[in-house]
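Note that the numbering used here has the sequence shown beginning at 75, numbered continuously upward.
Simulated from the structure, these hints should not be mistaken for laboratory data.
None of the values given here were measured: they were computed from a predicted structure.
Hints are supplied without guarantee of correctness; some may be wrong.
What the hints assert, rightly or not - Pairs of lysine-lysine residues, derived as DSS-like cross-links and limited to a Cα-Cα distance of at most 27 Å, are as follows:
| # | residue 1 | residue 2 |
| --- | --- | --- |
| 1 | K102 | K188 |
| 2 | K97 | K108 |
| 3 | K108 | K188 |
| 4 | K209 | K108 |
| 5 | K97 | K188 |
| 6 | K108 | K233 |
| 7 | K209 | K233 |
| 8 | K108 | K211 |
| 9 | K210 | K233 |
| 10 | K143 | K233 |
| 11 | K102 | K210 |
| 12 | K102 | K241 |
| 13 | K209 | K241 |
| 14 | K241 | K211 |
| 15 | K108 | K210 |
| 16 | K209 | K102 |
| 17 | K241 | K97 |
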Amino acid sequence: LYRFFSLYNKGYNGKKVGVNMDKQLEEKLPLSAKGVWRIYSFIQIAVLTTIYLILLYILKDSFVPLYIKIGVGLVLAIYFIVIVLVTPNLRWDILSYEVRDQEIEIQTGLFIVKRTIIPIIRVQHVDVMQGPLIKKKNLANIDITTAATTHTIPLLDSKDADELRLKISELARMAKEDV
Numbered sequence: 075l076y077r078f079f080s081l082y083n084k085g086y087n088g089k090k091v092g093v094n095m096d097k098q099l100e101e102k103l104p105l106s107a108k109g110v111w112r113i114y115s116f117i118q119i120a121v122l123t124t125i126y127l128i129l130l131y132i133l134k135d136s137f138v139p140l141y142i143k144i145g146v147g148l149v150l151a152i153y154f155i156v157i158v159l160v161t162p163n164l165r166w167d168i169l170s171y172e173v174r175d176q177e178i179e180i181q182t183g184l185f186i187v188k189r190t191i192i193p194i195i196r197v198q199h200v201d202v203m204q205g206p207l208i209k210k211k212n213l214a215n216i217d218i219t220t221a222a223t224t225h226t227i228p229l230l231d232s233k234d235a236d237e238l239r240l241k242i243s244e245l246a247r248m249a250k251e252d253v
């Protein structure tokens with residue numbers, strides 16, 4: 075077990091390996107990504123508030139005390155502040171990516187930050203996807219598919235997403251030719 079961890083920390087060639095979580099990755103998402111996340115969160119809050127108001131109307135003559143109704147409303151208000159105003163800023167600060175000649179590194183998460191390294195040689199195909207809302211904001215998601223899973227870089231400018239798709243595809247093609 076000790077040998078495994080010493081090899082992990084130093085690698086097979088003696089160089090230190092692993093992910094430096096303090097180092098910020100090169101590429102950030104555009105600021106308009108925050109607006110899209112806010113809209114998605116606002117829609118979620120609107121649905122929850124509608125359900126809450128319908129339940130209040132149904133239960134208006136019931137035995138549910140007023141302080142519980144007010145308490146649930148306050149919880150929804152706090153949830154609104156956190157999910158619509160705070161969370162998009164945190165997500166934007168954390169989410170970043172970097173495309174190198176041999177690998178793609180993506181940092182995601184909110185409370186638990188996760189860094190994923192995708193070897194270029196493992197890339198099978200790259201898709202650019204747009205839903206109606208992100209298309210209106212001129213943004214796009216990039217899906218990078220390997221044999222194991224699909225990784226997403228969300229909410230890039232459409233032009234940047236197309237250029238990045240072409241770059242990753244070219245790097246993957248070159249890596250497969252080298253093998």
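- Task: Take a quick look at whether K143 and K233 sit within 27 Å of each other, Cα to Cα.
- Result: violated, 48 Å
- Within a Cα-Cα threshold of 27 Å, do K108 and K188 meet the stated pairing? holds, 20 Å
- Item | Distance restraint between K102 and K188, which requires alpha-carbon spacing of 27 Å or less | holds, 15 Å
- Message: K108 and K211 were given as a pair; does the straight-line alpha-carbon distance stay at or below 27 Å?
- Response: With a Cα-Cα distance of about 11 Å, the restraint between K108 and K211 holds, given a limit of 27 Å.
- Message: Next pair to validate is K97 with K108; report whether the Cα-Cα distance is within 27 Å.
- Response: holds, 22 Å
- Query: If you draw a straight line from the CA of K241 to the CA of K97, is it 27 Å or shorter?
  - Reply: holds, 23 Å
- Item | Straight-line alpha-carbon gap K209 to K233, limit 27 Å | holds, 12 Å
- Message: Check the hint pairing K102 with K210 against an upper bound of 27 Å on the C-alpha distance.
- Response: Holds, at about 20 Å.
- Given pair status - K233, K210, alpha carbons within 27 Å: holds, 14 Å
- K108 and K233: Cα distance at most 27 Å? With a Cα-Cα distance of about 18 Å, the restraint between K108 and K233 holds, given a limit of 27 Å.
- If you draw a straight line from the CA of K97 to the CA of K188, is it 27 Å or shorter? holds, 13 Å
- Task: For the pair we were handed, K108 and K210, check the Cα-Cα distance against 27 Å.
- Result: holds, 14 Å
The structure is inconsistent with hint 10 alone, although it conforms to all the rest.
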